[in-house]
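Protein sequences appear in the order of chains A and B.
Residue 259 in the numbering used here sits at position 259 of the first sequence; the count goes up by one each step and never skips.
Residue 190 in the numbering used here sits at position 190 of the second sequence; the count goes up by one each step and never skips.
Just so you know, these hints were derived from the structure itself, not from any lab.
A quick note: this is a predicted structure, and the numbers were derived from the prediction, not measured.
Don't take each hint at face value.
As the list claims (entries may be wrong) - Some chain B residues judged to face chain A by a derived CB distance under 8 Å, without partners named:
id	residue
1	L19
2	L26
3	L36
4	V106
5	P108
6	E109
7	L116
8	E160
9	P216
10	T228
11	I231
12	S235
13	L250
For every residue, glycine included, the Cβ atom is placed at its ideal position computed from N, Cα and C.
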Amino acid sequence: MGVFFFLPLLLVLATSFASRGTYGGVEWSFSLTNYAAVADPLYLKIFLHSLVLALVATVLCLVLGFPLAYYIARLPVRWQGVWLLLVMIPFWTNFLVRTYAWIFMLRAEGLLNSLLMGPGLIDKPLEVLFSDTAVLIGLVYGYLPFMVLPLYAAIERLPRSVVEAAWDLYAPAWAVFWRVILPLTKPGVVAGCILVFIPSLGAFITPDLLGGARSMMVGNLIQHEYLVVRDWPFGSAISFVLMGLVLAGLMAYLRTEETKNKPGEER
Amino acid sequence: MSRRRVWLLGASLADLLFLYAPIVVLILFSFNASRLSASWQGFTLRWYRLLVEDNALLAAAQNSLLVGLVSTLVATLLGVCAAVGLERVPFRGRKLVEGALLLPLVIPEVMMGVSLMLFFVVVKLPLGLVTVTIGHAAFNLPIVAVIVRARLRKLDPGLEEAARDLGATAWQAFRRVTLPLLMPAVYGSALMAFTVSLDDFIVTFFTAGPGATTLPLKVYSMVKSSLTPEINALSAILVLISMTLIVASLALQRKELRH
Chain A
1 MGVFFFLPLL LVLATSFASR GTYGGVEWSF SLTNYAAVAD PLYLKIFLHS LVLALVATVL
61 CLVLGFPLAY YIARLPVRWQ GVWLLLVMIP FWTNFLVRTY AWIFMLRAEG LLNSLLMGPG
121 LIDKPLEVLF SDTAVLIGLV YGYLPFMVLP LYAAIERLPR SVVEAAWDLY APAWAVFWRV
181 ILPLTKPGVV AGCILVFIPS LGAFITPDLL GGARSMMVGN LIQHEYLVVR DWPFGSAISF
241 VLMGLVLAGL MAYLRTEETK NKPGEER
Chain B
1 MSRRRVWLLG ASLADLLFLY APIVVLILFS FNASRLSASW QGFTLRWYRL LVEDNALLAA
61 AQNSLLVGLV STLVATLLGV CAAVGLERVP FRGRKLVEGA LLLPLVIPEV MMGVSLMLFF
121 VVVKLPLGLV TVTIGHAAFN LPIVAVIVRA RLRKLDPGLE EAARDLGATA WQAFRRVTLP
181 LLMPAVYGSA LMAFTVSLDD FIVTFFTAGP GATTLPLKVY SMVKSSLTPE INALSAILVL
241 ISMTLIVASL ALQRKELRH
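In isolation and in its complexed conformation, chain B is listed as follows:
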């Protein structure tokens, strides 16, 4: 028995090593003084300093932040409505809406990218930050809806009924009882949506058009042109940002379970 446990532990640790080693190496070498080689030549913060001085990069960061905030806001508002509607309001075509919500989670991302691009071209919306934001809101909506809906299902329906018994209107009961209980899931899913938006490359790539560069697009063009330690530094920053956001999001969603 114990020999099997050791074997399992070994295989599991190897898996974790496989998952984390590239990220750790990437971050370590963002402090490497050598411009070209992968051998360690001493510690430096030079690549980070170069990043801060790069105006195009700062503009891209600004774009990413703007797209992330607006698309998260839109996706969260609509996603919460969708979750509540699907769970509490019976209507015809519910199955269809459910299917539509899950679609972006199963279709290949490239397909999502080209279909949105085609759509924007046909409705004559010029490709730019606006189309990128709409695209991000579109794939983030299901993420919010699925998480919030799961939370809604776990709520005790007796709570809302009690509020109604005590004379609250349907809206009051929702606003004062259900919504506050949903908030951890709403914040958690919004953070997740924001993370996905900051990290998205494919949908952005197809819907951006010239001029609307976000951080991932910038990383991509840097990787495609030449491999420099600046990319490592930028990558390290992006990794740390998304890790922080995601741990915060999971912590929020976990908190809800303890109620």
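So here's chain A without its partners, still in its complex pose:
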């Protein structure tokens, strides 16, 4: 059964060193030209753009998700289940449909613009759809639950007494958060960030529907190379660079996990 995960991936790896056949197939050979081609400024720009969008989306999720996770973790236990369910339900509903919902909200004749134009707050429709802003909204909307769940798990384990002690010692609010709560919930923060960052970086539906041609991400580039240009080797090379970035993120995560588990090194 591992066949269906490993073999295809190895195949992509092999293809990434091959070259494109005349009619779009794969001509088996070995060269690094595809990887050299990825270094073209045009493609590097798309990679950089994706990295920036994924990072900003991760930070936004953290900022939006932390109060929610904190609130849930401090609720009476029987209410926690209800709130967690409310956070999880959207995550399990059709991603495509949820992205479409934002097209419906954001397009020129969409709800947002009619709400703003109705009372005359703006006189011509805002062009939010097909922009980086729209992609960011879509990413944050799609992956916020990924942030809230690990944060909740970490905050729930944080003893109330520790936070209360900080207040009792007259720590200002920012210090309670920055020097007590945040360091003690760091594993949750890191896990949440990784869980949001990885799918954001490889996102396809969100930039495809909300970003259009103006906000292309790596996911779109891969799809474009595979299905439109039909240059499979080049598409494979891009996939592996993306995979490398994802693995780098995961390694960073595992390293923080390791230091956390080593006795004596804690804090």
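Starting from the known structure of chain A, fit chain B onto it as the hints suggest.
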């Protein structure tokens, strides 16, 4: 203290509003009589009626159902075997299999899509419903395995040992004691797998080939061609289906915890 609580509650409610408002608006406007504008023009069921009359759409629904059922069945059978094997049978290369199982949960979906497509092309399996089903089974297997394995870990090993003490063979003990205790997790994860299969777009998109249209592919092509209220109606139906399935699945998994 209470001012902080109010602030937290406010931020949390804003988050929930952000999560739910688009879905609610989408569903509301699937009943809107106006074809074009986002202003409310009265209640209608016209868009739903158009959906039912659309034969291509019904065929897509049929495909989705078929792919969902078969891939869930395959993923559940293999996933339970994988979970039991990893938890109860020591063998070499266990770490490798564990890694392979978690891989689909961390690699970008697009990559999963292109790698499966490439694989099917190289083994010369024509892209269609069969390849879509295999693809869905591949990403659903880890979901089932992870959930069932977690449940297996929580079981009291004494129960199985007691059965063995009383003369049951290993298979009998598994079949009559362990498996029945696992069933809520198996049903729960199967429902989850079915939901994910019904909702999947990316892997389907790459492995479908012409003719094998599922509901999400249909929604995608509708969104890409023109925005009509029919999409809202179809979306509303899909949202309600997955919400029902997922609440049922979570309820089943929760039930197991109360034993």
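These are the hints, each one checked on the structure:
no. : hint : result
1   : L19  : holds, 5 Å
2   : L26  : holds, 4 Å
3   : L36  : holds, 7 Å
4   : V106 : holds, 6 Å
5   : P108 : holds, 3 Å
6   : E109 : holds, 7 Å
7   : L116 : holds, 5 Å
8   : E160 : violated, 25 Å
9   : P216 : holds, 5 Å
10  : T228 : violated, 11 Å
11  : I231 : holds, 6 Å
12  : S235 : holds, 4 Å
13  : L250 : holds, 7 Å
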